[in-house]
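Visitor: Chain by chain, the residues:
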Amino acid sequence: MMLHRRREELRCKEVGRLLQSYLDGELDELWARRVARHLEDCRRCGMAVHTYTEIKRSLRHSADALPEDTLHRLRAFGRQLAEGRVPPGEEEAGA
Amino acid sequence: MGQPLEGRTRQEAFARCVLPEVELLLRVGRSLTRHPADAEDLLQHTLLRAYRAVDRFDGRHPRAWLLTILHDTHAERRQRSHTARAAATANEEPESVVVQEAFDAAVEEALGALPGKFRTVVELVDLDGLSYQEVAVTLGVPVGTVTRRLHRGRGRIRAAVEAAGIPQQKEDR
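Protein sequence lines, in the order shown, are assigned to chains L and A.
For the first sequence, my numbering gives the first residue as 1, with consecutive numbering after it.
For the second sequence, my numbering gives the first residue as 1001, with consecutive numbering after it.
Distance ranges between label pairs, derived from CB positions:
# : chain 1 : residue 1 : chain 2 : residue 2 : range
1 : L       : 72        : A       : 1099      : 34 to 42 Å
2 : L       : 69        : A       : 1020      : 14 to 22 Å
3 : A       : 1165      : L       : 28        : 34 to 42 Å
4 : A       : 1080      : L       : 17        : 33 to 41 Å
One side only, chain A facing chain L, incomplete, derived with CB under 7 Å:
#  : residue
5  : 1014
6  : 1019
7  : 1026
8  : 1040
9  : 1048
10 : 1107
11 : 1108
12 : 1126
13 : 1127
Covered by chain A, per the in silico footprint, the following chain L stretches (three or more residues, Cβ under 8 Å):
#  : segment
14 : 20–26
15 : 52–61
16 : 74–87
Derived from the structure by calculation, the hints contain no laboratory data.
Please read these numbers as outputs of a predicted model, since none were measured by experiment.
Glycine included, C-beta positions come from ideal geometry on N, C-alpha and C.
Bound-form chain A, shown alone (with noise of 0.2 Å):
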């Protein structure tokens, strides 16, 4: 590939390359933007300009290449508007001493409370399930800066969770 695509076979790659990737897109873009509205503009967004720019992408790791239009869409369109972050999610349990629900409920409102590149790389790797290599195209950062990021961001909610003695949950596997 690498040739100008027309017609037929520019739509083609799109279906191939672009289609199967929209779900994990949403996910990455409802992290990015914590909005569910924001998100799906952003993935609109995202989608157009991967359309018109995929006569010039080689087919090899599309993942790759849609993360990095979804990072350049984003980082755009910051610039115009600011982007409300979303509460955290009112956690509607109820009232529950059940130990697993507490630690659940500690570990969502530290998450919450985590500084925003802190939030967004944990979310990343552990709600979307990005590598530490997407995460850093998404981002447009160095994966060492990833790891760095998720580290403290981790070690925050350890913290918190644990100051919150909260016990945990026995392995049971």
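Chain L with its partners taken away, still in its complex shape (with noise of 0.2 Å):
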């Protein structure tokens, strides 16, 4: 009985190092409920967790805007190049 339950729960180690790959996604179905579970009843990873969000959601905040002129340079170059106009000495075909 108790090795089946813990087989069936996680240890705070475990989903230690569980947990970026769980933030992400990255985790398939089986092991995030898992995850998930011990999440609802342990304090210590609940905080982890919520600092971890707010600091994943503070990295997005501060992603930079892409450069509009930069954008704009380089696809018109890919169009460039859809269109088969490719710079002088650049024409040589790959390997």
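With the hints in hand, could you dock these two chains into one complex?
Guide: Printed below as a string of structure tokens:
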């Protein structure tokens, strides 16, 4: 019984190893459910989740907007290539 | 696909597979080079290589294919010249005692202080939105390495934020 229970429930150390993957949606459903179950009952791991979630939010918020002029130039360059207009000196085909 | 492309077909494949990914490639390029001018240069070379190679591309997983080209191009360029790291963006926010801004500033500072390998992975996942597999392709490392570096990178950010003693906002979703 206890062995069976241990298989089902994760410990904090195991959750710690899986936490980043869990937060990024990189775990499969089974492991994600196990982590989620642990987080429901574990205050310490729950606080860690909250901190990491805030860090991710902060990083996402700080992502610089791409410079429009750079993006415009690169898209124009890409369209040029798509039209077969390769810059002089770059026409050679790949190996 | 997988058959040699010629003329317009090559161009059509390039337009279909590559052009939609330019923005993402630029984001990743900025994370890799950490300098805007270098990122644009890297992207131009990447697009050229992609154009030359698109006739050998089977059409599946264009993003992964392009990230591989980006990685290879970046690796070659690094061997030729050393790219200066951009300093962490100066925080121009006014003096503010708002907890959220203090938290954001601490996170940004901690990110800037990370060793390059950790910082790059954190940026690719959290700023550029890449999956672990895409990061692995971009950096030419196994997924396990990505996971490990991410774990350590975010762990250091967390430690720095907690050491700064900044209270966190309550969850109010």
